[in-house]
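One line per chain: the protein sequences are A and B, in this order. No gaps in the numbering here: position 196 of the first sequence is 196 in the working numbering, and each next residue is one more. In short: position in the second sequence from 1, add 1000, done, that's the working numbering.
Treat the hints as calculated values from the structure; they're not laboratory data. Where hints are given, some of them may not hold.
When the alpha-carbon atoms are kept at most 27 Å apart in a straight line, the in silico DSS-like pairs for lysine-lysine are as follows [what the hints assert, rightly or not]:
(1) Lys1224/B with Lys278/A
(2) Lys1213/B with Lys213/A
(3) Lys213/A with Lys1278/B
(4) Lys1278/B with Lys1264/B
(5) Lys1224/B with Lys1264/B
(6) Lys1224/B with Lys1213/B
There are 2 protein chains.
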Amino acid sequence: MSMTIAILAPGAMGSAVAQRLTGRGARVLTSLEGRSAATAQRAHDAGMIAADDAEIACADIILSIVPPSEAVTLAERLAAAITREQTAPVVVDCNAVSVETVGKIEEIIASSGARFVDAGIIGFPPRPVHSGPAFFVSGEHTGDVTVLRDLGLDIRIVEGPVGAASALKMSYAGINKGVTAVAAAMVLAATRAGAADALRDELARSQPQLLAKLDVALPDMVPKAYRWVAEMREIAAFLGPDHPANLVYEGFARLFDHIAADEKGARTDVAQLMAFVKGGKVGEV
Amino acid sequence: MSMTIAILAPGAMGSAVAQRLTGRGARVLTSLEGRSAATAQRAHDAGMIAADDAEIACADIILSIVPPSEAVTLAERLAAAITREQTAPVVVDCNAVSVETVGKIEEIIASSGARFVDAGIIGFPPRPVHSGPAFFVSGEHTGDVTVLRDLGLDIRIVEGPVGAASALKMSYAGINKGVTAVAAAMVLAATRAGAADALRDELARSQPQLLAKLDVALPDMVPKAYRWVAEMREIAAFLGPDHPANLVYEGFARLFDHIAADEKGARTDVAQLMAFVKGGKVGEV
């Protein structure tokens, strides 16, 4: 029996996951309401089928893969459709949201009678030549999504309730994107003070592996910075308002916001970051 | 002709540097005014000679190696002694201070007629079996301190005015200690959410070199966290009050302050960090 999976939305990650699933014979629905022609084309190229919310509510598994700021709104929309259609899908929140936010999403989905799985995606979108990211899942219904392994997804169970997978995603992203953020801030400050070449030389001498990581991570970050703003605020929420490092992630959110604005505007900071990386090109990864 | 070098204060770095210099035949003075018996013993073991400020003002080279919060006060004290004694030493500020602070220190020293060199120390204190840290120096008088190479110090000239060496130190420390800080914050948050083992497993899978670095850096940080508080605030000042990442370094200052208090108190967070590192011991580096 062929599975029907719905993936919202057909962004870079969502459509790449869809392509993997359709390549293994699954039917993959998505919603194209209000989306651009380019997005519709990307969804089509990935083998996705445009569907309305009633059809999406009838899928076996619904994957929510959206920017973190849209995760709650999408959950409300899905819960409403599932309630109307009286279906019983498994809804999987794959978004980079805090433990608190995913708890709220679980309540919204549970109110429709659907099963809920917490998930965190770590890694780059799947490509034909590349195995794809890990989907860490937690909660009592993880057994209902292990079937996705047969369709080519790397599903890994995290022991623990809803929230454990999101906590893993938050803490991993908090380290990985935090490293990129401190490096970006310091490269820009060193450049302004005329010390960028000396900084690069010293990193090459004493931290060659970290420098190699930054040479990949800084160009990769620039075109994604706008998306990371909300994710940094979710990590701040994950720490809690009274945690001494809460400010750190609010600061990262502002830094990524600043870089995203610079990328669309003067590109002064972007040019300095790329000069540091030397020979790197934005978004090449 | 034997050189006379003064080093203030005889802390962990200062006394290790002194030991290297005395081992190569230099006379090394220090001030023990108001210092503990343990510090006096450490200075003695390093071959340092206790001296008053008048004697220190007569040294060929004076190295200021103190916590960043004490750098300006020490500069004022040295300038007063040099003015009184009408001597002409080279004063080298080796402290982790912002470009703005080192500019202020330069003015204070210049008012006494002494020559001034900006320096930043990167690396661990020298040990008999270990070549020691790099001393990056900048400013117009760097030629007056290259003689320290003959005494076993790794002196590296950064092209640029006073401030360039400090900018290198700030940006390097901002990356290196910033990486440790984001990891500490996320390990503690993951531990609280029950996701620490999953976080470690995922880092081992996808970022093994970063994990190896953290296994060294986290235990090394704990006993030094109290010293890093003021250094993080210097880095925030280096970025400037309006920089979007300014908040990040204020947050790191609060995090290190929190960890330092925990180390002296309940040791809850310290225990969680050490459990993550597994088999690591605090301050073993």
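- Does the structure break any of the earlier hints, and which numbers would those be? 1
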